[in-house]
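Residue numbers (the working numbering), protein chains in the order written: chain A, 390 to 894; chain B, 31 to 535.
There could be a bad hint or two in this list.
[As the list claims (entries may be wrong)] Which bits of chain B does chain A cover? Going by a derived footprint, with three or more residues having C-beta under 8 Å, they are:
hint, region
1, 97 to 105
2, 185 to 198
3, 201 to 209
[Stated by the list, open to error] Some chain A residues near chain B, calculated using beta-carbon distances under 10 Å:
hint, residue
4, F579
5, A582
6, E736
7, R778
8, G795
9, S828
10, A829
11, F833
12, R837
13, I839
14, I848
15, P879
16, N884
17, I886
[As the list claims (entries may be wrong)] Only some residues are given here: those of chain A computed to face chain B with a beta carbon under 7 Å:
hint, residue
18, A832
19, A880
20, F885
Keep in mind the hints are simulated off the structure, nothing from the lab. Glycine included, every Cβ here is placed at the ideal spot set by N, Cα and C.
The lines below spell out each chain.
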Amino acid sequence: MDFVAPVLNYALLAPMLIVLGGALLGVLIEAFAPRASRHNSQLFVTIASLVIALSALLRVRKQVSVSAAMGSITFDGAGVLFQAAILVIAILSVFLIADQENFTALAASVPGSNEERMAMYTDLRVTEVYPLTLFAVAGMLLFPLSSDLITLFVALEMLSLPLYLMAGLSRRRRLLSQEAALKYFLLGAFSSAFFLFGIAYIYGYSGSVTFSGIQASIMGGAGNDVFLLLGIAFISVGLLFKVGAVPFHAWSPDVYQGAPTAITGFMAAATKVAAFGAILRIFYVAFANAEWQWKPALIVISIVTMVFGSVVAISQRDVKRMLAYSSIAHAGFLLAGVIALSKAGLEASIFYLFAYGIATVGAFGIVTLVRDSAGEVTDLNRWSGLGKRSPLIASAFAFFLLTFAGIPLTSGFIGKFSIFSAAYASGSTAVLIAGVLSSAIAAFFYIRVIVLMFFKDSIEDGTSVVIPSGLTTTTIAITSVITLVLGIYPAPLINFIASSAFFIR
Amino acid sequence: MNALTTMMLLPIIGSILVAIIPSDQVLRIKQAALGTTLLVAISGILAWIKFDSSNTALQFVESVKWIPSFGINYAVGIDGLAIVLILMSVLLAPIVVLAGWNESEGGRWSAKVFYILILVLETMMIGVFAATDVFLFYVFFEAMLIPVYFLIGGFGSGDRAAAAVKFLLYSLFGGLLMLASIIGLYVISGANGGHTFDITRLSELHMQMSSMTQNLLFLGFFVAFAIKAPLWPLHTWLPDAAAASTPGTSVLLLGVLDKVGTFGMIRFCLALFPDAAKTFTPLILVLSVISIIYGAFLAIGARDIKRLIAYTSISHFGFITMGIFAMTSQGMSGATLYMFNHGFSTAALFLVAGWMQSRRGSSTIADFGGLQRVTPVMAWSFFIAGMSSLALPGLSSFVSEFLVLVGTYTRYPVAAVIATFGIVLAALYILIPVQKVLHGPTTPGNENLPDLNLREKIAIAPVIAIIVALGFYPSPLLLVINPASAHVLEVQGFTDPVPSESAGK
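Isolated chain B, as found in the complex:
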């Protein structure tokens, strides 16, 4: 059977297994969920090994007729960008399950429901990156909101119901705009050689569209994605959702789900509507730069650790979007690598923040102090994750942020220069909380916090390892990403600007 389909079926089977286990055997349920996610991770790594990076065509392709009269297929296949994101998703899933071993206990419902939702979500996460049929993509894109909605509303903390509703309404609104665009594509494809949702055939369609049509359809997709990968001013749902979710859900939400937005921009906005993408590039770059700076300022002012991480993500998504719409090969590669790295550095931050919160009973920065002495392992993990988030050289995010800035500078120097201030601000928003939380004298209430236990250490170790390893040696990923991102640009006729030899005559 097709490797991707197998990967999508495994979590479904796992969720059925979890559903069968009696509710009182919580340990069994957790083991089954962890086992399933590990199995999926292994099959993801195997797919990664089998993936031929020199081949820019879609790989692991499978296509089965689904609703023939509308030209809808179950069609999957991945290129270098998709495999990287799928790898990130399947690696994060077992870490989330292991790290949040007791997360399900504060919920409205039993642990069983929690793990069924997580596993169903995992299937959809793989599906949304693997789909090469726009309709199938949309189905995953929308359907995955439902498990997340229940994960936030049922197992989160604080004002979880309101946060869940806000998340869902924002996403549905974007999704419906996208639906309008998809219907537009469907009708146009019907008028030009038969109804289809095949991404490759649709990408040839833009020649037949008037620029007005193309712009409108582009906007339908782009707004949906800009809500997902929150771009200023559509970001307001994210801090609430991230603060109300369990740490594990936050990791999946920011680490994986939001990447669907940036991934979609490459896969759909650029590939389907290249002319419209060029038209809107200045506007999008402005929004990205605002996101970078504005997110950073929000983060500096944040008093809650989880909100802080959410705000830093808004800033980071600004970088990613900027890298994508710079339309240079470095920018594109950097953006893709950034998506992967952001997944892991955010995961580390959220997991440690979650452990801090469960130990201290608070996620307010001011409540912590001097953790370095009390809980060294936890403190070091937080420190490394923070350093990765501010893109310290030697840690993974540095490479991607650098590539994005270089890639943007060659075409849009002003945007790149302003964005660079984002790095300075990043130092502020990371170093201030690091100083407050980790260093200095241990403040009252923190003296007896226990350090990470073995389970938590096992969960955080691979994340830290990936952050450090990719910081020194990013080429395994770049080897896969570079040909793919060059291909994306080449197909739609974007070329890198030729560097001018000398400024003077």
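Just chain A, same shape as in the assembly:
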């Protein structure tokens, strides 16, 4: 049997390879660099590889190829947009991660042990988080470009495994953090099993694992539709788990709360872009012609997700849990873009993902700043009167909340408008109505936080906003400006997305 060497288009794969290279370099630094210089060199390598990857991506943004890696990766306009969004969000998140105050000194130590105390005493700093971030980013970059189910699964695991670890790195309340990590891991493994099961069914249906092969056999209509339906259902479970859609959302409030806040922000924003990228590609390409098989179910999931997320968020007393439920609601809104199954839906989804991701990183960046002597304060009651003590930070947070609520002159409004209009244009009136009603419900809890910060008197319990480090300030400033600019003058980005948002088959 002849062995044919795989033909790889390195220029198109460069962004992923650069990030992976940076991650491997990070592992070497972790092993060999002296402890004192580790943090700075890790930070440098991480930022540098992300920036270089972004510039490599921009260089090839106009190219289109189905054979970048033997048909396993499709490089097209939509893929470029997803990758660019992930890289931008990753860079901004790494700025937050660089603030080491949030991370455990020694991840391997048992909470409460002598070893942990010693590590704290000698001022150890965890630096594994940087290579882990890069590995996760590499998986995220691959995820929306995968064009066969095996690659999709590899990418899914590649992005998930580092995230499981990163969720457990919190410095304070470590048991909660480790519980979150374990929960995330177990449920994630469970959903991966579903996903694999679905792949098996799809292979049984079409005899192929490539998206184009699946599409061809759906169009041919020769296979057993029961296998197709089961396959789509199980694969959807795996993907919907990642975006936190109801009823596969149970992990997200606990993980959001337990994970270090900088990681939560990264996870909430970047994972969502990657996972929705993959969802959009698989439904728009592989399963597009089986629309009648999945659309009704997805409409129901979308509506239930947005309503459930909005309603449950109302009763949350913890800012990170509230943002978790808010992100569940947003997953429901984003599913409206998948349901639309049109170019307008794709464009709207990409805009929404970018706008939401940026605002999410900014919002979690602010959460890292509100602290007392024991660490971050996430109890909402203790946020009262924050507007009096730190008007600027409170105003920025209020602004992000208004974005999530979709008030005009913020990017969230443009996103909401475009995604709902795409869904309605495709005939999903129910999604539109559920969308505006749950937005109205959601407005309630966003506004409640604004009331707390601005209209309630502060309680003197040592809660204060720490002076942000330069990098954190940069992230908050950049995310606020992007959110505002996209709200007032989104035309350039919309046109850019419109010009390159397409999937090739």
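Here the structure of chain A is known, so what remains is to put chain B in place on it, guided by the hints.
For chain B alone, kept in the frame of chain A given last:
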């Protein structure tokens, strides 16, 4: 530059100026704010003079592409109805600033924030009346909630936070319903010759809609407007908001913001969905009549002056809505004139009530008595404002109320007859407090109240002058309003009923 755009830019420039002035120079800040609003008022009067009343087309038109891929333009232009309301808004703004010279001092934040919010609000008030692009209108409609929210919650009195939240949630709920309708219009316009938000092109679209679609879209708009211009049973936010706001904010809230609702009914509900408007007219007339009577009864029972004024406004908005949906030219003209007059008579009432409250430290009617002798100027101002509110002939509201009733009677005699009882009740709800507060012996606690000072006299004088002048000579306004309201009705094919010559054969 376009006159409307200039008028909208001026307050923004003013707010930047206010932001630059150091916070401790409060007088400077107030002067800058007053100067800006005066400048805007002058440019408003100039626009009024230049306005050609015989021309029923939109004037001062400007259109710039904003988000081309969605067909969204920055498009402004005004007809006779819009110029009247813009004139009212820009005239009220400097009066509010001058009358409430010390209002900002009881607030949570500095005077600077207060005046920045007022000025930003002024831009949006002009924009919302001037917008001829539905999307632009919606942006102003929603965005203006935010400054008002902070004005009530930050500078009001009593349970200001709760009132602010109630106001915001009601308005957002209505706004989101309207968003659903706007998305519907957007999608329908896309299916009929390209996406657009241009009001003129959208008004031709109703031919293409099924009556079901038209009814639903109409309701989305109408509910939003009925919340704004509070119509029973959606009025419950208003008394709380009016009682908790500073007098100046109340003037802007009831005088200007609520008019956006009635203005929107003419501009959008009638123009875009004429058939649906006809379908719902009976229901809306019933709600209007209930508002007139119910508001009046609430006002009679009110114990707090500010709540009393809010309740009378509910009654007055019932008249305005009735005049609009009578769909006769007198009714329409009367309703528009009513909007203008209501702005000034409410302003006078609220300003005087505010001064009474700041002097006496209470706004309960029972705490006052015999002010006529102690503070004659203040008492006379209150008296004239009250008489205007009950539509005494010779004062401005009489003309408009009369026109509304005549216009309604020609088509819906029963509604007009029942509404007439509202006038009788108005005499009760105005005369009882006038008697209690102004006449009779001076009750303890009121003996040493100071009369209006020069600043307050300057502020109230133009309001009283307008009330009296328009009562005797309303034609300058009617000259502008009549052709415009006839045009509105004519375009969508509403005709005045022909009066029957003789009842007998």
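Cross-check of the supplied hints:
no., hint, in the structure
1, 97 to 105, "holds (count 4)"
2, 185 to 198, "holds (count 5)"
3, 201 to 209, "holds (count 5)"
4, F579, "violated, 37 Å"
5, A582, "violated, 39 Å"
6, E736, "holds, 8 Å"
7, R778, "violated, 12 Å"
8, G795, "holds, 8 Å"
9, S828, "holds, 5 Å"
10, A829, "holds, 5 Å"
11, F833, "holds, 6 Å"
12, R837, "holds, 8 Å"
13, I839, "holds, 8 Å"
14, I848, "violated, 16 Å"
15, P879, "holds, 6 Å"
16, N884, "holds, 6 Å"
17, I886, "holds, 9 Å"
18, A832, "holds, 5 Å"
19, A880, "holds, 5 Å"
20, F885, "violated, 10 Å"
When held up to the earlier numbered hints, the structure conflicts with 4, 5, 7, 14 and 20 and fits the remainder.
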